[in-house]
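Undergrad: Full structure from sequences and hints, please.
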Amino acid sequence: MHAIRILRLFLNSQIKSQRQYPVSFILELLSSTIILGFYFLAFALVLQRFGEIGGWTIGEVAFIWGITELSFGSMDMLFSGFDYDTFGPMVRKGQFDQILLRPVNVTIQVLGSRFVLRRLGRMMEGLIIIIYGISILNIDWTVGKLLYIPILIISQVLFFGSLFIIGATTTFWTMERLEILNIFTYGGSEIMSYPMHIFPRPIRLIFTFLVPAIFMSYFPAVYILDKPDPLNAPDFVSFLAPLVAVIMLWLALQFWHFGIRNYQSSGS
Amino acid sequence: MNAFLATIRISFQRQLTYRAANLSGLATNLMFGFFRATVLQTLYNESTVVNGLTIQGAITYAGISQAVIGYLSFFHWYELMHTVYDGQVGSDLLKPQNFFVYWLGVDTGRALGSFLVRSAPLFFIYVLFYDVVYPQSLLTWLCFLLSLIFAHLISFAWRFMVNLAAFWTPNALGIGRFVFGLSWTFSGFYLPLDLFPDWLAHFSRATPFGAGFYIPVQIFLGSLDIRGLILSLCLQLFWILALIMIGQLILSLGIQKLVIQGG
Amino acid sequence: MTPIIHVSNLNKTYKVYKNHKGYFGLLRNLINRHFKLIHAVNGISFDIQPGELVGYIGPNGAGKSTTIKMLTGLLVPTTGDLLVDGQIPWKERKDYVKKIGAVFGQRSTLWWDLPISDSFSLLKHIYEIPEETHSANLNLFREILELDPFMEVPVRALSLGQRMRADLCAAFLHNPKLVFLDEPTIGLDVVAKQRIREFIQFINTEKHTTILLTTHDIIDIAKLCERVMVIDLGKILFDGSLETLLTTFGGRRILSVEFAEFYPAPILEVAEIIRREGHTVVYSFERKQVSASKLIRQLSENYRISDLEVRDQPIEDTIREIYEKQLLYNHPYDKENPSS
Chain A
1 MHAIRILRLF
11 LNSQIKSQRQ
21 YPVSFILELL
31 SSTIILGFYF
41 LAFALVLQRF
51 GEIGGWTIGE
61 VAFIWGITEL
71 SFGSMDMLFS
81 GFDYDTFGPM
91 VRKGQFDQIL
101 LRPVNVTIQV
111 LGSRFVLRRL
121 GRMMEGLIII
131 IYGISILNID
141 WTVGKLLYIP
151 ILIISQVLFF
161 GSLFIIGATT
171 TFWTMERLEI
181 LNIFTYGGSE
191 IMSYPMHIFP
201 RPIRLIFTFL
211 VPAIFMSYFP
221 AVYILDKPDP
231 LNAPDFVSFL
241 APLVAVIMLW
251 LALQFWHFGI
261 RNYQSSGS
Chain B
1001 MNAFLATIRI
1011 SFQRQLTYRA
1021 ANLSGLATNL
1031 MFGFFRATVL
1041 QTLYNESTVV
1051 NGLTIQGAIT
1061 YAGISQAVIG
1071 YLSFFHWYEL
1081 MHTVYDGQVG
1091 SDLLKPQNFF
1101 VYWLGVDTGR
1111 ALGSFLVRSA
1121 PLFFIYVLFY
1131 DVVYPQSLLT
1141 WLCFLLSLIF
1151 AHLISFAWRF
1161 MVNLAAFWTP
1171 NALGIGRFVF
1181 GLSWTFSGFY
1191 LPLDLFPDWL
1201 AHFSRATPFG
1211 AGFYIPVQIF
1221 LGSLDIRGLI
1231 LSLCLQLFWI
1241 LALIMIGQLI
1251 LSLGIQKLVI
1261 QGG
Chain C
2001 MTPIIHVSNL
2011 NKTYKVYKNH
2021 KGYFGLLRNL
2031 INRHFKLIHA
2041 VNGISFDIQP
2051 GELVGYIGPN
2061 GAGKSTTIKM
2071 LTGLLVPTTG
2081 DLLVDGQIPW
2091 KERKDYVKKI
2101 GAVFGQRSTL
2111 WWDLPISDSF
2121 SLLKHIYEIP
2131 EETHSANLNL
2141 FREILELDPF
2151 MEVPVRALSL
2161 GQRMRADLCA
2171 AFLHNPKLVF
2181 LDEPTIGLDV
2191 VAKQRIREFI
2201 QFINTEKHTT
2211 ILLTTHDIID
2221 IAKLCERVMV
2231 IDLGKILFDG
2241 SLETLLTTFG
2251 GRRILSVEFA
2261 EFYPAPILEV
2271 AEIIRREGHT
2281 VVYSFERKQV
2291 SASKLIRQLS
2301 ENYRISDLEV
2311 RDQPIEDTIR
2321 EIYEKQLLYN
2331 HPYDKENPSS
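Protein chains in written order, with the working numbering: chain A, 1 to 268; chain B, 1001 to 1263; chain C, 2001 to 2340.
Source of the hints: derived by calculation from the structure; they are not laboratory data.
Even for Gly, the Cβ is constructed at its ideal location relative to N, Cα and C.
There may be inaccurate statements among the hints.
[As the list claims (entries may be wrong)] Calculated pairs, EDC-like style, for lysine to aspartate or glutamate (alpha carbon to alpha carbon, straight line, at most 16 Å):
#: 1; chain 1: A; residue 1: LYS227; chain 2: A; residue 2: ASP140
#: 2; chain 1: A; residue 1: LYS16; chain 2: C; residue 2: ASP2113
#: 3; chain 1: A; residue 1: LYS16; chain 2: C; residue 2: ASP2118
[Claimed, not checked] In silico contact screen, one side only, chain C against chain A (beta carbon under 8 Å); selected entries:
#: 4; residue: TYR2014
#: 5; residue: VAL2076
#: 6; residue: GLN2087
#: 7; residue: TRP2090
#: 8; residue: ARG2093
#: 9; residue: ASP2118
#: 10; residue: LEU2122
#: 11; residue: ILE2126
TA: Take a look at the structure:
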């Protein structure tokens, strides 16, 4: 398909220009791995004093923490074009008009407009933490669980991607930086790194019904790690992650297209 | 002096105009405050004190951490770097005002504005939800305020230095990110340093990052006696002077480089 | 012959919301909204035939960029008919933009960090340009626009003139039927301007590409366009040849006289003194009202003259007067039918 081919070309040229400075690239990669890793390390060191958090051990926390990091990092790399901080200025500078003037699907162009390889750092960090967690845990592996893990990761990527798309769409209306969206993207990834049953009810409700993060991390982990669930949810909710992700992506894209149509009728 | 105050005032007013950004920053930080408080509460569980830090102290700690994000420009500050890259720095250096003093004025105005519109309200709202501990005496309050001012100066001094990297490399942003990352780790921002293994806690506290964040919190929580108070404030002062001196050195080297190499 | 651009009674109206100030302003903005209607484009109509090179001028805020945005499919009109090469621009975007090209003086159409040769390759794939067409055009443009010295340089490192040439190459690479040029000579020196004007003329002559040129440099129009449209306050006030515009509203001449000595008040009845410098006095007069020779005779009867010069008022000044004094509003509307 024409659009996919163009996307591949865009991504290639992105990677090419980022590879021009290999030393600084490697350094930045390592630096982000280390800095992000410190955050987990700090938590792990503190957890040593207490032994467990809400009944979850460090290995179990590492599992959900690591998967969230891996997914968020992957999303951040793939959906860099929709990053609020770069898409907003792009619209303001009139470069979005340039996208509309090219005979290629708009969403594909935005996806291909930026591909931050540096995010591999976060992905690596996540992977290391997952491996650490799994290595100290005694998970009762089944085929189902093994198959579910990649599905879960992809679902999380799409979930975070939807949030990014929604964030980018808001820049069509407002020039000011809306940090409030960070509550859902970065807040979402933060809260997904902990077993969600520890949070007070109002917060849990927000992240169940407004931004369904609980289906993306906590319930799937309850299934994989065979944890007791104090929230007493039915078993099937653990498998809702892919469905929730797809629905969110669909909703995000509807909003995105609405935003583009509105941009064309009201001008910049 | 007038110029300095004027710079502060202009920057302060500018900060106040970012209404939506200030308010949503407040909301986000508050939400994260709740997260952090929850994690600490869950960790403490039945215990009331761990390594000298009470659960109320820990919760207070989390609230202050979130409140000072705006005030200390905790997550990123690359304004100076940008002026180097777009050439604006050239005309800034020609201004009659001392370059360092100018940027100090700009950042102080921003900090004051942020404190007024984001930090203070955030803390006031936070204490509606949680039991928080307060300084017990007037002396402690005064030391806290002084320490908070020192914290701003320390923060500005190292942020200024880091931005100067732009004189030498087009990838100063990467360096900046790394140093900011170090500041989050060693300041005690994520989790109270009291809960860290002792060796790590002592090391972190000695760094400018720890001095610029953890010390004010310690004072607020009343963890220090008179001797501790004086030593801590001195430690902060030490870092202020050291960072400013190194910063001046780097600045003059940078200006030399700029003048020799041009554009 | 069917026009390539057909515009009939085109309107674009915006709602501009008043923004409340202060911290309670945010709340007020949600509930208590005041707005103003702005008629950026207020009922314009025109036809452009294939192969024409038309100028589109007007003061800032007149509605030029709004018109161009509608013609390029970036903006949806409020009411009116708009057909470009038989299509409604905004409706069939992907299909439509294949046929057009655009150059914007204010920003590049190319990728900021890529060497321009890479940009040109990307465009080949984006517009699905056949290999022979792409290389033929690229070689031709490289030569005429002298792009070889900086083919491997990214846009961010190019000078304004270089960037403009690269953008021009890119705009015509896919043999578009219609190209919009928005301020293509802005900020350039006279040599660069001339080079670009030559290129535009060349393309229009050789490839019969229809070109719509928006510019503030009236010399661009004088050198390139047989037809010019003037827009102001959303309405097209003039559509005809530049010459007609100038003879109707221009027609002022400048008489510059260097007197032998200083005269305090060498006043003429039908001429305006616009400048004095030492012994030199510069007059401006209407060609229709009085002839230069009559003025010279009048002056020489009363004063001693060392030297003098007569010339036409620069076109820029005529245009400026038309904008400032809204001359097109005061004179009866003079529309010429653009012939095919």
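Undergrad: Out of the numbered hints, which ones does the structure contradict?
TA: 6
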